[in-house]
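Engineer: Here are the chains, one letter per residue:
2 protein chains.
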Amino acid sequence: MARGQLLLVIYRTGPLLQKHLNHMWSFLNDAFIDEEKAVLHCTDLSIQRGYAVFDFFKVVDSVPVFLDDHLDRFYYSAEETRLEVGYPKDEMKRIILELLDKNNSRDTGVRITATGGYSVDGYQLAKPNLLISLQPFSIPTPEQLSKGITLMSYEHQRQLPHIKTIDYLMAIWLQPLLKQSGADDILYHQERMVSECPRSNFFIVTAEKKIITPASNVLKGVIRKKLIEVARQEFEVEERDLSIEEIKTANEAFITSTTKTILPVRQIDEHTFEAPNKIALHLRNQLLHLQAVE
Amino acid sequence: MARGQLLLVIYRTGPLLQKHLNHMWSFLNDAFIDEEKAVLHCTDLSIQRGYAVFDFFKVVDSVPVFLDDHLDRFYYSAEETRLEVGYPKDEMKRIILELLDKNNSRDTGVRITATGGYSVDGYQLAKPNLLISLQPFSIPTPEQLSKGITLMSYEHQRQLPHIKTIDYLMAIWLQPLLKQSGADDILYHQERMVSECPRSNFFIVTAEKKIITPASNVLKGVIRKKLIEVARQEFEVEERDLSIEEIKTANEAFITSTTKTILPVRQIDEHTFEAPNKIALHLRNQLLHLQAVE
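Sequence order for the protein chains is A and B.
For what it's worth, the numbering used here labels the leading residue of the first sequence as 2, then goes sequentially.
For what it's worth, the numbering used here labels the leading residue of the second sequence as 2, then goes sequentially.
Excised from the complex, chain A in its bound form (with noise of 0.2 Å):
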C-alpha cells in the first residue's frame, strides 16, 4: 500500500487507529511510556557533563542479534562507570522482549542507556536514568559493499575507550572535514598507531591472509569478537598493535559494526587497496550466517 492510501485509511478510520498505528513505547526507569515522553531533565549528567554509558544491537526478524553480548558490555559500561542499572540481567531481558513485542516490532535497532541521573549539583553522581528506546538504523548499500568505502585518518585516542560511552564528541566535531574530503569514515590512529573508526572496529587481511586487528586503546565490538571467532576457523588472527605503515602491505581492509556488519576498505587517505573485498565479503557471509542461526 502506497503511503498516499495509508493515509487515506488511517484518516477514514479516525484518529483512534491513526493514534495506534503511530505510537510507540519506550521504557524508562520503571515503566513503559509513550515514545514521545521518553525525556530526561536537564539537571541529568548526560546533559550537564556527557556522562552515559549505552549499547546498541539490531532486532531481525524479532529476534535480538547477539543479545547476551550486548547486554553483557552494557553491565560491562555501566560498572566500570558506577552507574547502577537497577535490574539483573534476566530482567533486563524481560524488558527488552516485552517493548518489542509492544512495539510490534520485527526489524528494528534497539538503544540502552544509563545516565548518570538528576545530579544535585551537576557533577555528583546520582540514581542513573535507564532508557531503553527503538532506534532504526541504515544498513550498508550495495555499492558500499562492492566497492568498499574510503577511510579518513586522524590523530585522536577516544578517553576511556574500553567503555561504551556516548562520547562522540571529537567523531561528531570532525564530520566537515570528513566531508571536505570526500571519505566516508574516519580512522583514528595516535603516533601513527590505529585504533579503531567513531563506531566500528578495523581489520587487515595481510599478502599471507592473517587477519589483524588492533589490540589495545579500542572498543571491544561484539561483531569484532565474533569475527575473531568466525575467522579463526579458517585464518590466522592477531590481535595486536597495527601501524598506518603497516595497513599499507596489507591485501585488504574491512571495518565491522553492528549496523554494518562488516564493511570493505578500499583507500585510506591516499592509498588503494589491491583486493578491496575477497575475504571481506566471504566473512561478511560467515558472519550473516551465524547471525541467523544463533
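Hints are computed from structural coordinates only; laboratory data are not their basis.
Backbone N, C-alpha and C fix where the C-beta goes; we use that ideal spot for every residue, glycine too.
What you were told as hints is all true, and nothing was included just to trick you.
Here are the computed distance ranges between Cβ atoms for each label pair:
{"id": "1", "chain 1": "A", "residue 1": "GLN158", "chain 2": "B", "residue 2": "SER139", "range": "29 to 35 Å"}
{"id": "2", "chain 1": "B", "residue 1": "PRO177", "chain 2": "A", "residue 2": "HIS283", "range": "41 to 47 Å"}
{"id": "3", "chain 1": "A", "residue 1": "GLU239", "chain 2": "B", "residue 2": "GLU192", "range": "25 to 31 Å"}
{"id": "4", "chain 1": "B", "residue 1": "GLU271", "chain 2": "A", "residue 2": "ALA208", "range": "49 to 55 Å"}
{"id": "5", "chain 1": "A", "residue 1": "GLU240", "chain 2": "B", "residue 2": "GLU92", "range": "53 to 59 Å"}
{"id": "6", "chain 1": "B", "residue 1": "PRO177", "chain 2": "A", "residue 2": "ILE34", "range": "28 to 34 Å"}
Here are the simulated lysine-lysine pairs, DSSO-like style, with alpha carbons at most 27 Å apart:
{"id": "7", "chain 1": "A", "residue 1": "LYS210", "chain 2": "A", "residue 2": "LYS226"}
{"id": "8", "chain 1": "B", "residue 1": "LYS180", "chain 2": "A", "residue 2": "LYS128"}
{"id": "9", "chain 1": "B", "residue 1": "LYS226", "chain 2": "B", "residue 2": "LYS210"}
{"id": "10", "chain 1": "B", "residue 1": "LYS59", "chain 2": "B", "residue 2": "LYS103"}
{"id": "11", "chain 1": "B", "residue 1": "LYS38", "chain 2": "A", "residue 2": "LYS128"}
{"id": "12", "chain 1": "A", "residue 1": "LYS148", "chain 2": "A", "residue 2": "LYS59"}
{"id": "13", "chain 1": "A", "residue 1": "LYS279", "chain 2": "A", "residue 2": "LYS249"}
{"id": "14", "chain 1": "B", "residue 1": "LYS221", "chain 2": "B", "residue 2": "LYS94"}
{"id": "15", "chain 1": "A", "residue 1": "LYS148", "chain 2": "A", "residue 2": "LYS279"}
{"id": "16", "chain 1": "A", "residue 1": "LYS38", "chain 2": "B", "residue 2": "LYS38"}
{"id": "17", "chain 1": "B", "residue 1": "LYS128", "chain 2": "A", "residue 2": "LYS38"}
{"id": "18", "chain 1": "B", "residue 1": "LYS38", "chain 2": "B", "residue 2": "LYS103"}
{"id": "19", "chain 1": "A", "residue 1": "LYS226", "chain 2": "A", "residue 2": "LYS279"}
{"id": "20", "chain 1": "A", "residue 1": "LYS180", "chain 2": "B", "residue 2": "LYS128"}
{"id": "21", "chain 1": "B", "residue 1": "LYS249", "chain 2": "B", "residue 2": "LYS148"}
Here the structure of chain A is known, so what remains is to put chain B in place on it, guided by the hints.
Structural biologist: Structure of chain B alone, referenced to chain A:
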C-alpha cells in the same frame, strides 16, 4: 524564619502560595517554562553523543558577573561546534535578564546550554536546543581559602580543550580515585606538561614573584583572563608551557574559576608549597573588587 515555620505558613496559606513559592522558571528555545519542564527528548545529541556546549556565570546582588565575557565565550563555543544559538547576543542578554527577573533571583548561578538537537539518526546535527536555567553553586569555605586545597595530578588531555563542551567524562570517572587519594581536585598533565583542573585554570607564583599559567591545551577561563589583567598591574605574568617539575620550584600555586574566583593550592601529590596563599589571596581581593565595580 526557620524552615519548619516557613513550611507551616505555606501549609496554612494553601497550595496556591506553595506553588508560587516553589515555582522556578527556565528558558527553552523560545519560551519561559516551568523549571520542571526543562527536559530534552532522548534523541537530543547531548544524550545520544555527548554533543553540547555551555557556559556558567554568577549573579551577585542581581548583577550577572562578567556576562559579556561569558556570552562571548558561549557564542565562540557554539560556533566552533557548528551550533546556531538562534539569538543575537543582545537578545540573549535580554532573555537572561528577564529570566532572573521572573525568578526574583539576586544571587544564583546561570547555566546556558546549546545541544546538538533532536537528531534524525542519532549522529547528524539538528536544530540546536537552547536551554537557560538557574543553577545554584557552592563557594569556597574559609578553611579552603586560608589553608589551600590539595591536587592530585593525572595524565589526561581534554579533547577540544579550547571549547567549553559538556565533556567531563574523565573528571567524573576519576572521582573515586580522587576520593581515595584524599585530594580535593585533579590537575591534568600530558607528558609532564600541566594543563588545567577539570573546572579551573592553574597558576603558579615563582620565587621571583612571576605569575605563570599554561598557555595551550586549556580552556581560556573568564576568571583566568581577568586574573591576568589584574595581576599584570603588579606582577610579571607569563602564559607558556609549564612542567610538573617546574611547579615544584614555585612559591605558591592557585586555581581560578567562576565559582571559586581564586583558591590557593597547598599541595600537589606529595609536594607542599611554602607560602600557600600569600599572593593568591591578595589577587583574590583584587578580583572580588573588580567583580563588584564591573
